[in-house]
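Student: Please work from the sequences and hints to get the whole structure.
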Amino acid sequence: MIEFKSKYRFLLVMLVVLMALNGLIARLVYLHLRLGGGADRNVRIIESRRLETDLMVARGKIFDCRGNTLALDIVKKEVCADPVLILSNNCLDKVAGSVGGMLNVNPASIGERLNQPGRRFVYLGGYGRSIEEEQAAKLESLKLPGLFTRDMMVRSYPRGNSMCHVLGYVNFDFERAGSAGIEQKWNKYLHGVHGLLISELDGRRHEIYDRRLFELKPRTGADVTLTLDHYVQYVVERALENAVHENQATAAWAIVERVKTGEILAMANYPAYDPNNFRSVSPEWMRNRCIGVVYEPGSTFKMAVVAAALNEKAITSSQVFDCENGTWFYNKRPLRDFHPYGLLSVADVIKKSSNIGAAKIAVILGEKRLYQYLREFGIGKPTGIDLPGEEAGLLHALPQWTSLSVTRIAIGHEVAVTALQMLQVLCAIANDGVLMRPYVVRRITDPDGQVLFEQQSKAIGRPIRTETAVEMKRLLARVTEEGGTGFKARVEGYTVGGKTGTAQKAIPGGYSDTLNMASFTGFIPVEDPQLAIIVVLDEPKGSVHTGGVVAGPVFREIAEQAVRYLDVLPSTTAVAEGKVKDASSEVGGQKQENGTRYVKNVGASFPRKRESGVIDALNVASSTE
Amino acid sequence: MANKNRRKQIQGYVIPVPVVSVLVVAMLLLLAYVWLDVRSKALGARIKSLEQQQSELQKKYDLELWKWEGIKSPKNIEKMLAQNNCSMIWPDEGNIVRLNEPTAAASIMTDYKSQIAQLSHTTKPLVHD
Numbered sequence: 034m035i036e037f038k039s040k041y042r043f044l045l046v047m048l049v050v051l052m053a054l055n056g057l058i059a060r061l062v063y064l065h066l067r068l069g070g071g072a073d074r075n076v077r078i079i080e081s082r083r084l085e086t087d088l089m090v091a092r093g094k095i096f097d098c099r100g101n102t103l104a105l106d107i108v109k110k111e112v113c114a115d116p117v118l119i120l121s122n123n124c125l126d127k128v129a130g131s132v133g134g135m136l137n138v139n140p141a142s143i144g145e146r147l148n149q150p151g152r153r154f155v156y157l158g159g160y161g162r163s164i165e166e167e168q169a170a171k172l173e174s175l176k177l178p179g180l181f182t183r184d185m186m187v188r189s190y191p192r193g194n195s196m197c198h199v200l201g202y203v204n205f206d207f208e209r210a211g212s213a214g215i216e217q218k219w220n221k222y223l224h225g226v227h228g229l230l231i232s233e234l235d236g237r238r239h240e241i242y243d244r245r246l247f248e249l250k251p252r253t254g255a256d257v258t259l260t261l262d263h264y265v266q267y268v269v270e271r272a273l274e275n276a277v278h279e280n281q282a283t284a285a286w287a288i289v290e291r292v293k294t295g296e297i298l299a300m301a302n303y304p305a306y307d308p309n310n311f312r313s314v315s316p317e318w319m320r321n322r323c324i325g326v327v328y329e330p331g332s333t334f335k336m337a338v339v340a341a342a343l344n345e346k347a348i349t350s351s352q353v354f355d356c357e358n359g360t361w362f363y364n365k366r367p368l369r370d371f372h373p374y375g376l377l378s379v380a381d382v383i384k385k386s387s388n389i390g391a392a393k394i395a396v397i398l399g400e401k402r403l404y405q406y407l408r409e410f411g412i413g414k415p416t417g418i419d420l421p422g423e424e425a426g427l428l429h430a431l432p433q434w435t436s437l438s439v440t441r442i443a444i445g446h447e448v449a450v451t452a453l454q455m456l457q458v459l460c461a462i463a464n465d466g467v468l469m470r471p472y473v474v475r476r477i478t479d480p481d482g483q484v485l486f487e488q489q490s491k492a493i494g495r496p497i498r499t500e501t502a503v504e505m506k507r508l509l510a511r512v513t514e515e516g517g518t519g520f521k522a523r524v525e526g527y528t529v530g531g532k533t534g535t536a537q538k539a540i541p542g543g544y545s546d547t548l549n550m551a552s553f554t555g556f557i558p559v560e561d562p563q564l565a566i567i568v569v570l571d572e573p574k575g576s577v578h579t580g581g582v583v584a585g586p587v588f589r590e591i592a593e594q595a596v597r598y599l600d601v602l603p604s605t606t607a608v609a610e611g612k613v614k615d616a617s618s619e620v621g622g623q624k625q626e627n628g629t630r631y632v633k634n635v636g637a638s639f640p641r642k643r644e645s646g647v648i649d650a651l652n653v654a655s656s657t658e
Numbered sequence: 254m255a256n257k258n259r260r261k262q263i264q265g266y267v268i269p270v271p272v273v274s275v276l277v278v279a280m281l282l283l284l285a286y287v288w289l290d291v292r293s294k295a296l297g298a299r300i301k302s303l304e305q306q307q308s309e310l311q312k313k314y315d316l317e318l319w320k321w322e323g324i325k326s327p328k329n330i331e332k333m334l335a336q337n338n339c340s341m342i343w344p345d346e347g348n349i350v351r352l353n354e355p356t357a358a359a360s361i362m363t364d365y366k367s368q369i370a371q372l373s374h375t376t377k378p379l380v381h382d
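In the order they appear, the protein sequences are chains L and X. Per this note's numbering, the first sequence starts with residue 34, numbered consecutively. Per this note's numbering, the second sequence starts with residue 254, numbered consecutively.
Rather than coming from a laboratory, the hints here were simulated on the basis of the structure. There may be inaccurate statements among the hints.
Not the full set, but computed from the structure, chain X residues with beta-carbon under 7 Å of chain L [stated by the list, open to error]:
id	residue
1	292
2	323
3	343
4	346
Chain L is nowhere near these chain X residues, computed Cβ spacing over 12 Å in every case [what the hints assert, rightly or not]:
id	residue
5	288
6	297
7	306
8	338
9	340
10	349
Using C-beta positions, here's what the derived DEER-type ranges look like [as the list claims (entries may be wrong)]:
id	chain 1	residue 1	chain 2	residue 2	range
11	X	302	L	485	30 to 36 Å
12	L	183	X	342	46 to 52 Å
13	X	278	L	43	19 to 25 Å
14	X	286	L	148	49 to 55 Å
15	X	320	L	118	41 to 47 Å
16	X	295	L	144	44 to 50 Å
17	X	284	L	72	35 to 41 Å
18	X	292	L	85	26 to 32 Å
19	L	43	X	286	25 to 31 Å
Computed from a prediction, not measured in an experiment: that's the story for all the values here. Beta carbons: idealized from backbone N, C-alpha and C, even for Gly.
Tutor: Below, the structure is given as structure tokens:
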């Protein structure tokens, strides 16, 4: 009896438990197999639980050559809203008022944007408009229905408008593609790869980790290290800004390049813009004029012509030219000098920047050879710098030259160059005749530190021989001596070689009498050239607006700080320590005795070494000044 | 015939051993499953929280870097110097001491060699103390 009762009770309990379990299983099957309720309901359930999101990816950083960060991605907040929710809560005006004040946007326009009953999502303040974390916290503390903030990656340039024309900027679209400068040219390395996450959400809209179906981690973009130096760049930018204001110029631009490697240390334009806020800037301001604007170089071009003629041995530096007292008729058309000169040696043609002298040299050299040399120097073709938007310049093909072209090109007219091309000509001379490819990107490394790309210095041509280059350096050094057009570009303790340029601007129907481009192209120090600098001022106003007066002091301001900062040895120290050869000791590969003979012959002089060791030069014979 | 030992008789229904074994195994499996589930959920939550923490730290780091880069820019330094009435000048050439490495090394070697040479000529024994 007891056994039977016990068995009966056990079976009963088991039955109850089984029934309960069956009920639960049935419910689970019902829920999980989504029986009943129609397909729509099931889809809605799946969709409401599904999480599919792109994972934000940061673009690579951009560094200068000293590891300072010039561009990086930071997370900011964007303000979004659900108009349906806001309208149903009847708080349109309240939201528009609060957000408008915070975003500095007209509340009426926000109200208009929110008043869309059919939409569930709008960007307030506009697509890509971000706010700071603190502002976002303040906004969220208002607890306005339908108003929320989301994280967004923002490309940020901590140094504002510094290097803006080189760095470029990034668009606000989903891909965040670079649209100018380094950001554009090296976008494929910088942009990185978006991540993707497919998962499920719980009832509180939190992701359920163990329901992750797919996860592709975002891959951060590679970092780009430039050859630019932030301090040299700053010096250049400050000098340009001052020069534009002092001379009431329309614009100014400058480049600093390492002569022996082609590395660009600074590339600046004024006016500049803030790439953090590029949408409010006119496209004209965004143009990198150093490589994107061509101009007639004027007298700076003479150095290419004289170098070509010397290299061809068509002339010698001691050869004397009659500069016709300021006016020379060639093919019945007059060519004038800024100051009238009589007899000038080739050395003085450069020093005094005589148009007539340079034109006569070009005539002796001949059209064909002049054209070939200019092409060799890289005129009329892009330099190949690793930046977008480089202009090729303009050098007409030989058959298109008129009978006057040879004399006009010799003085930097009828030809158009970029500042970088002009600087390249000078660098080739300063680098013993070797033309180096200019570049701004030193290396690209992935986030793990692996080097993906590294750029080395590369020689791309040799337009003139070493002896010619040495001779040209000596001639260019005289330009900054007393009596030379580039006197104001002198830097204390250093010998500077260079050439001034003042070119009238071409206007419809001829050349303007009032508008011109003033420039100075120079290298420092002459004994062992380290840096080459070009400064161009567009439309300087004032009583004197020649390159020597306007651009020369800007060159000096840049050069004297750059050499100190980069620890370029002063001429005195370098010569004394025997690190470089004294430029005065040799003249075009000949010993100074020959040079002295030349002084006697034509009344010009060569640099000589003072007792103190400072390289100096005698002035030219007063009869030629 | 021996009497039945009532004390040794089992009262009630006896569940067969195989059933008990199956139930025990099932129970253990269930417990293991629950334990693993709880564990994986806890790990998932931890991973998620670490992910979030990493992302927050990265955000903070980038923001700090951004601020720092702005602070140490030459423009800002110059502004701060002006605000505090400080002016900086480049040192005079005469005040700069340049240590040329190969030259310095060579001079050290020369000194060292001359000391060695002196020592080799001395007649006194070297005493190390």
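Student: Could you run down the list of hints and mark each one as holding or not?
Tutor: Going down the list of hints, with the structure as the test:
no., hint, verdict
1, 292, "violated (10 Å)"
2, 323, "holds (5 Å)"
3, 343, "holds (5 Å)"
4, 346, "holds (6 Å)"
5, 288, "holds (14 Å)"
6, 297, "violated (3 Å)"
7, 306, "holds (14 Å)"
8, 338, "holds (20 Å)"
9, 340, "holds (15 Å)"
10, 349, "violated (9 Å)"
11, X:302 - L:485: 30 to 36 Å, "holds (34 Å)"
12, L:183 - X:342: 46 to 52 Å, "holds (50 Å)"
13, X:278 - L:43: 19 to 25 Å, "holds (21 Å)"
14, X:286 - L:148: 49 to 55 Å, "holds (54 Å)"
15, X:320 - L:118: 41 to 47 Å, "violated (36 Å)"
16, X:295 - L:144: 44 to 50 Å, "holds (48 Å)"
17, X:284 - L:72: 35 to 41 Å, "holds (38 Å)"
18, X:292 - L:85: 26 to 32 Å, "holds (27 Å)"
19, L:43 - X:286: 25 to 31 Å, "holds (27 Å)"
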